[in-house]
Structure formats: C-alpha cells, structure tokens
Amino acid sequence: DTAVSQTPKYLVTQMGNDKSIKCEQNLGHDTMYWYKQDSKKFLKIMFSYNNKELIINETVPNRFSPKSPDKAHLNLHINSLELGDSAVYFCASSRDYANTGELFFGEGSRLTVL
Amino acid sequence: DQQVKQNSPSLSVQEGRISILNCDYTNSMFDYFLWYKKYPAEGPTFLISISSIKDKNEDGRFTVFLNKSAKHLSLHIVPSQPGDSAVYFCAASAIRGNKLVFGAGTILRVKS
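Chains as they are written, first to last, in the working numbering: chain E, 44 to 157; chain C, -3 to 108.
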C-alpha cells in the first residue's frame, strides 16, 4: 500500500501543452510538497501546502499552479510547457508544518518536453 | 547558489568496509540535517538526521557526524553492504519551517 503515490510516472509531451501530475498520500499527514529534480540532480522545493493552505511558494514561474482539494491530495498543473520544464517531479508529505524535515516521497514523475 | 554541497559525485567501497559520505553547507542558519537514500526509479527515503545541538547520531550501521565550526557533516556506514548501493542525498533546514535544501547526491557502490 503506497504511502505517497503520484501519477503519471512518465509523461512525454510537446512544448506549449498543458499537463497535470497528481499526488495522494494515505499517511494522514498535514503537509505536502512538490520538489523538482533537474538535470544537475538537485532536489529543489517548489511548493508546500499545510492543510490545503499554501505555505511555501519558491520562485517558480506562474505557469506552475498547485492545487490541494484536501490535505491528502496535492496536484501540480503546468501550463504552456517549455523544454526547461523537463525534470523529475517528486511529491512528498510530512506529519505537519513544524516537522523537522522527515519527508516521505513519492516515486517521482518524469516529465519530458519535446 | 549551492547552500548544500556534496563534492563527491560517486564512491566505491568493498563490502564489509566503511563508507564515508561527506557534505558541506554554507548557511549558518541551518540547524537540522538529514540524509536520504534513493534507489533508481524510487523516491528518496529518510535515513538518519541530526540536530545542531548534537555532534553525533547513531542508528544501527549508520552514524552521522556534524562539525558545526567547519559546516561539515558526514555519514558513516559500517559495515557496508551491497544493498547500500544507492544515491545518498544530504539535506538541511533552518530552525523555522521545513524547507529542506538538498545536495546533488553521491552515488555509493558497494562491491561484493
């Protein structure tokens, strides 16, 4: 029973398209995140939601829009995809906002923009 | 601006020997440090952590050492096992919030 699950795992699309990645956690955690792993392998935080409220919004183009319908779900929608958006996107969750960093990650969604 | 640096992209160790993975950080506001392990096609999994009030934390075969004055931490794995072969990420966060900053990772290969 996967704790943090993301769909799809692989996504290949053309520049200019709009796509979404979904994430669900069944751990009962209050806080969820999106991280991006770029070609240099760094994992960088994009967004964090605590109980459906946005608490961290890094310098991310506004083509990226997260949505949290409830605290168990955090979806990522990307408009007008660009080549530089190609990366692996990881969803994660933690017990709460004050948690000292122990995150539970999903398996990642590899996005390739052609 | 890399606040967390793992300068060794890869490390190869013989089974049974010690693996030492290193990490340096630049932000003096960081006060909590973690190591994550990642297998191919999986997400990172939490391995061990250390607070800045400590200089050592041990969990079975894994020990993390923190040298605050040098802004350096290391992960020791003793004895190393082939199943330890993975990418190891160092991460850090400041006292407030949990915006983890990750290094680029070190690939560990344990040879049997």
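I should point out that these hints are in silico values taken from the structure, not numbers from a laboratory.
In this text the structure is predicted, and so the values were computed from the model without any measurement.
For each residue, glycine too, the CB sits at the ideal point set by N, CA and C.
Worth double-checking, as some hints may not be accurate.
Claimed, not checked - Computed list of lysine to aspartate or glutamate pairs in EDC-like fashion (alpha-carbon distance at most 16 Å, straight line):
hint	chain 1	residue 1	chain 2	residue 2
1	E	K52	C	E38
2	E	K95	E	D81
3	E	K87	E	D128
4	E	K84	C	D27
5	C	K64	C	D27
6	E	K79	E	D113
7	C	K95	E	E101
8	E	K114	E	D61
9	C	K95	E	D139
10	C	K95	E	E67
11	E	K114	E	E96
12	E	K87	C	D(-3)
13	E	K79	C	E38
14	C	K64	C	D(-3)
15	E	K83	C	D27
16	E	K83	E	D128
17	E	K84	C	D51
To be verified - Across the chosen pairs, the derived CB separations fall in these ranges:
hint	chain 1	residue 1	chain 2	residue 2	range
18	C	S108	E	K65	38 to 44 Å
19	C	D51	E	P51	41 to 47 Å
20	E	K65	C	E11	39 to 45 Å
21	C	G79	E	T45	19 to 25 Å
22	E	E101	C	K64	25 to 31 Å
23	C	S108	E	E96	34 to 40 Å
24	C	P78	E	Y53	27 to 33 Å
25	C	E54	E	H116	36 to 42 Å
26	E	N69	C	K50	29 to 35 Å
27	C	P75	E	H120	43 to 49 Å
28	C	E54	E	N69	40 to 46 Å
Unchecked claim - Derived contacts from chain C toward chain E, CB cut-off under 8 Å, selection only:
hint	residue
29	P36
30	E38
31	F42
32	F85
33	K95
Hints versus structure:
1. At roughly 10 Å between alpha-carbon atoms, K52(E) and E38(C) fall within 16 Å of each other, so this suggested pair holds.
2. Taking the CA atoms of K95(E) and D81(E), the gap is about 26 Å. The hint is violated against a cut of 16 Å.
3. At roughly 13 Å between alpha-carbon atoms, K87(E) and D128(E) fall within 16 Å of each other, so this suggested pair holds.
4. With a C-alpha separation of about 23 Å, the suggested pair K84(E) and D27(C) falls outside the 16 Å cut-off, and the hint is violated.
5. About 9 Å separates the Cα atoms of K64(C) and D27(C), which keeps this hinted pair within 16 Å; it holds.
6. With a CA separation close to 22 Å, the supplied pair K79(E) and D113(E) exceeds the 16 Å bound.
7. Only pairs whose Cα atoms come within 16 Å are accepted, and K95(C) paired with E101(E) is accepted, the gap being roughly 10 Å.
8. Taken as a hint, the K114(E) and D61(E) pair is broken in the structure, with Cα atoms around 24 Å apart against an allowance of 16 Å.
9. At most 16 Å may separate the alpha-carbon atoms for a hinted pair to count; K95(C) and D139(E) meet this at roughly 12 Å.
10. With a C-alpha separation of about 20 Å, the suggested pair K95(C) and E67(E) falls outside the 16 Å cut-off, and the hint is violated.
11. Taken as a hint, the K114(E) and E96(E) pair is honoured in the structure, with Cα atoms around 9 Å apart against an allowance of 16 Å.
12. About 12 Å separates the Cα atoms of K87(E) and D(-3)(C), which keeps this hinted pair within 16 Å; it holds.
13. Our distance criterion of 16 Å between C-alpha atoms is met by K79(E) and E38(C), whose separation comes to about 14 Å.
14. This hinted pair does not check out: K64(C) and D(-3)(C) have alpha carbons roughly 20 Å apart, beyond 16 Å.
15. With a C-alpha separation of about 25 Å, the suggested pair K83(E) and D27(C) falls outside the 16 Å cut-off, and the hint is violated.
16. The hinted pair formed by K83(E) and D128(E) meets the criterion: a straight-line CA distance of about 13 Å does not exceed 16 Å.
17. Taking the CA atoms of K84(E) and D51(C), the gap is near 28 Å; set against the 16 Å cutoff, the hint is violated.
18. Separated by about 39 Å at the C-beta atoms, S108(C) and K65(E) satisfy the suggested range of 38 to 44 Å.
19. Between D51(C) and P51(E) the beta carbons are some 44 Å apart, a value that agrees with the proposed interval 41 to 47 Å.
20. Remark: the range hint 39 to 45 Å for K65(E) to E11(C) is upheld by a beta-carbon distance near 40 Å.
21. The supplied range of 19 to 25 Å is met by G79(C) and T45(E), whose beta-carbon atoms lie about 21 Å from each other.
22. As the Cβ distance of E101(E) to K64(C) is approximately 26 Å, the hint placing it in 25 to 31 Å holds.
23. At roughly 49 Å, the beta-carbon separation of S108(C) and E96(E) lies outside the given 34 to 40 Å, and the hint is violated.
24. Checked against the hint of 27 to 33 Å, the C-beta distance between P78(C) and Y53(E) comes to roughly 28 Å, which is consistent with it.
25. Taking 36 to 42 Å as the suggested C-beta distance range, the pair E54(C) and H116(E) conforms, at roughly 37 Å.
26. Restraint check, N69(E) to K50(C): a C-beta distance of roughly 32 Å satisfies the suggested window 29 to 35 Å.
27. A hinted range of 43 to 49 Å holds for the C-beta pair P75(C) and H120(E), which are about 47 Å apart.
28. Distance hint check for E54(C) and N69(E): the Cβ-Cβ separation is about 31 Å, which falls outside the suggested range of 40 to 46 Å.
29. At a threshold of 8 Å, the smallest CB-CB gap from P36(C) to chain E is about 10 Å, leaving the interface hint violated.
30. Of the supplied interface hints, the one on E38(C) holds, with its beta-carbon coming within about 6 Å of a beta-carbon of chain E, less than 8 Å.
31. The interface hint given for F42(C) is met, as the beta carbon of that residue sits about 5 Å from the closest beta carbon of chain E, less than 8 Å.
32. Evaluation of the F85(C) hint against chain E yields a held restraint, the C-beta minimum of about 7 Å falling below 8 Å.
33. Nearest Cβ of chain E to the Cβ of K95(C): about 6 Å, under the 8 Å cut. The hint holds.
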